[in-house]
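As given, the protein sequences belong to chains A and B, one line each in that order. Using the numbering used here, read the first sequence as starting at 1279 and increasing by one per residue. Using the numbering used here, read the second sequence as starting at 1279 and increasing by one per residue.
No lab work stands behind these hints, which were simulated from the structure alone. Values in this document were obtained by computation on a predicted structure and should not be read as measured data. Please note: incorrect hints may appear among the correct ones.
Each pair may be met inside one copy or between any two copies, as identical chains are not told apart.
Stated by the list, open to error - Below 25 Å or equal to it, Euclidean Cα-Cα: the simulated SDA-like pairs (lysine to any residue) are:
(1) LYS1293 with LYS1468
(2) LYS1436 with ASP1336
(3) LYS1468 with LYS1492
(4) LYS1572 with LYS1611
(5) LYS1536 with ASP1319
(6) LYS1403 with PRO1449
(7) LYS1597 with ALA1583
Protein chains: 2
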Amino acid sequence: MTTYQLEVIENTAKKDKPAQDQIPFGQTFTDHMYIMEYQTDKGWHEPKIVPYGPISLDPAAMIFHYGQTVFEGMKAYHTEDGRVLLFRPEKNFERLNLSSERLSIPPIDEDLALEHLKQLIKLEKDWVPKTPGTSLYIRPYIISTDANLAVGPSSTYKYMVILSPVGSYFPGGLQPVVIHVEDKFTRAVKGGTGMAKTAGNYSSGYQAQANAKKEGNADVLWLDGVEKRYIEEVGSMNIFFKIDGEVFTPELNGSILKGITRMSIIELLNSWGIPVTEKRMAIDELYEAYQAGKVEEVFGTGTAAVISPVGELNWQGQKMIINNHEIGELSQKLYDTITGIQTGKVEDTLDWTVEIN
Amino acid sequence: MTTYQLEVIENTAKKDKPAQDQIPFGQTFTDHMYIMEYQTDKGWHEPKIVPYGPISLDPAAMIFHYGQTVFEGMKAYHTEDGRVLLFRPEKNFERLNLSSERLSIPPIDEDLALEHLKQLIKLEKDWVPKTPGTSLYIRPYIISTDANLAVGPSSTYKYMVILSPVGSYFPGGLQPVVIHVEDKFTRAVKGGTGMAKTAGNYSSGYQAQANAKKEGNADVLWLDGVEKRYIEEVGSMNIFFKIDGEVFTPELNGSILKGITRMSIIELLNSWGIPVTEKRMAIDELYEAYQAGKVEEVFGTGTAAVISPVGELNWQGQKMIINNHEIGELSQKLYDTITGIQTGKVEDTLDWTVEIN
Chain A
1279 MTTYQLEVIE NTAKKDKPAQ DQIPFGQTFT DHMYIMEYQT DKGWHEPKIV PYGPISLDPA
1339 AMIFHYGQTV FEGMKAYHTE DGRVLLFRPE KNFERLNLSS ERLSIPPIDE DLALEHLKQL
1399 IKLEKDWVPK TPGTSLYIRP YIISTDANLA VGPSSTYKYM VILSPVGSYF PGGLQPVVIH
1459 VEDKFTRAVK GGTGMAKTAG NYSSGYQAQA NAKKEGNADV LWLDGVEKRY IEEVGSMNIF
1519 FKIDGEVFTP ELNGSILKGI TRMSIIELLN SWGIPVTEKR MAIDELYEAY QAGKVEEVFG
1579 TGTAAVISPV GELNWQGQKM IINNHEIGEL SQKLYDTITG IQTGKVEDTL DWTVEIN
Chain B
1279 MTTYQLEVIE NTAKKDKPAQ DQIPFGQTFT DHMYIMEYQT DKGWHEPKIV PYGPISLDPA
1339 AMIFHYGQTV FEGMKAYHTE DGRVLLFRPE KNFERLNLSS ERLSIPPIDE DLALEHLKQL
1399 IKLEKDWVPK TPGTSLYIRP YIISTDANLA VGPSSTYKYM VILSPVGSYF PGGLQPVVIH
1459 VEDKFTRAVK GGTGMAKTAG NYSSGYQAQA NAKKEGNADV LWLDGVEKRY IEEVGSMNIF
1519 FKIDGEVFTP ELNGSILKGI TRMSIIELLN SWGIPVTEKR MAIDELYEAY QAGKVEEVFG
1579 TGTAAVISPV GELNWQGQKM IINNHEIGEL SQKLYDTITG IQTGKVEDTL DWTVEIN
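So here's chain A without its partners, still in its complex pose (with noise of 0.2 Å):
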């Protein structure tokens, strides 16, 4: 690991805290933030946490033009015995690198990444939520700061983290969503940017997002760019298949975001002896094996929901209704096992939390 001393300047005016079984989404932040910032000829250097505020950019910053960006997005949980959990989140430094690297952008040093996003969330531990559901949302990002109108690789970067508290995803418990099989617009092509956690992938969505909100449906479920015949994923999700039996997920294959909650899926119905075949699934043989009545379960997996299941998907004008609106019982028991390692409730038998102390 990089040495580095690790800058702190607390904030003096804290914040009140929200009340914890509401809290929108992403809009309230805490006390702090983390930056480094990065130049050319001297690395990532001067890692410092600061009071949450304001950041000041030359207009012509390069993010502001030509999109040279990656984030990640992870969660931190109280348990009931007061600690404070992280889930997995080597493997979001590990996905931002590669991020970066179909971006442009320099690696930043994973291990320090971690041991500094820990000395932050301890400072803010009172801001981790502790109402069951609730949980701190960690939003690293990366954002190119050159001011330079040529279209090109900034020689300068600033790595942040804000951290935001969140309630709980669905606060009824479960809720099956209708989802819009998209044929119109494309989320992401191979030799795009479609497996990167980058910008433009997610504004580039929002047309079809909307049009699809307008028909009732709560989002998109994306199809390959190429023939808009393979399933790739929903919103911003990935998307599991129990099909008669057996569960599938789309192959990772360039353009499909490598998410961490997919794979932790795919590892644990292992562990419990359930094998998970990812592949190249077409919509119309989905829509066949609906017809024969094969379909018992379809659910989005991601960081925000975790688990999201999948009442109704409309595919250019026909309706498949999954498992009759309700929640499958594989999708239940893997979100009760999943949120339940990480708010330390199930036992970690694969070794899947970092706590911080």
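Following the hints, position chain B against chain A.
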């Protein structure tokens, strides 16, 4: 036109202007910038010209996370008789709104934007360089500013314009460039954001461009994202071919940017009685035409270089040497005519220029 009171706060600490012959692209900015704010309940409001300087944003501002942003690029030129001309600026604002539509950003009033741009440039008239080949580069852009990590359109935006004096793109006159035909990475695909000028489209090309440069190429020619067969654009320019006496350019298919120089070249050639065929163009068919000795000229078109002759195309290990690495007659004539119109040396029979009074 909606009426707004434009507030002007003059910069009292004016900067020195750079020497005009060797200004690097996009690194020097003028004394003032333009900002207009958007808020859902107010619409676009508070247009202001203020001293050029840093902007302050919440670290959770959506621009840093989800890439909801669009931009434009255009230029102002000094004529020999001391006038300042814009080149088809109304087309840029039209395209800005098209880009915004794709990115779910509220449209701006195009007439108002042009009127305010004129006032900004009038104030910065001394910053428009006079040396042949130089100009004042204009960068209008919109960024999403809600401090909110929920994925979705922002409710607040900033529309800004910054200005940068730029030197001659080819200081020694036009220079044919060597281009790599990219068959691994993808810039854009049908249903994606390729037709929009949005940040994510640019940084997604850095890795391919870096690989191409390592092998001695100046830039890449993008192929379609589906078959990796059909020609799209070169770098961030459109591309034209003169084959066996005829002029061709890839048709606008939803993943190619609708270039204003591209449009102007088609109109100019038509006005000369030279038809331009817009069609889907396969790289293997281009190679066949090359082997038959029929590829006479290739050139990129864009605001930065106007015309960029291509001297060599490298595709899957095969070299296509175009016109013996020399500037084609048509490329030179188009360059001379368009830059002539832009700088008032050639009569503007097509009514393209807009004078700043």
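Results of checking the hints against the structure:
1. LYS1293 with LYS1468: neither (45 Å within a copy, 47 Å between copies)
2. LYS1436 with ASP1336: Close inside one copy (13 Å) and across copies (14 Å); limit 25 Å.
3. LYS1468 with LYS1492: The answer is between: 23 Å across copies meets 25 Å, while 29 Å in one copy does not.
4. LYS1572 with LYS1611: within (20 Å within a copy, 66 Å between copies)
5. LYS1536 with ASP1319: neither (32 Å within a copy, 39 Å between copies)
6. LYS1403 with PRO1449: Answer is within; shortest intra-copy Cα gap is 23 Å, inter-copy 58 Å.
7. LYS1597 with ALA1583: Within one copy only: 24 Å inside a chain, 51 Å across chains, cut-off 25 Å.
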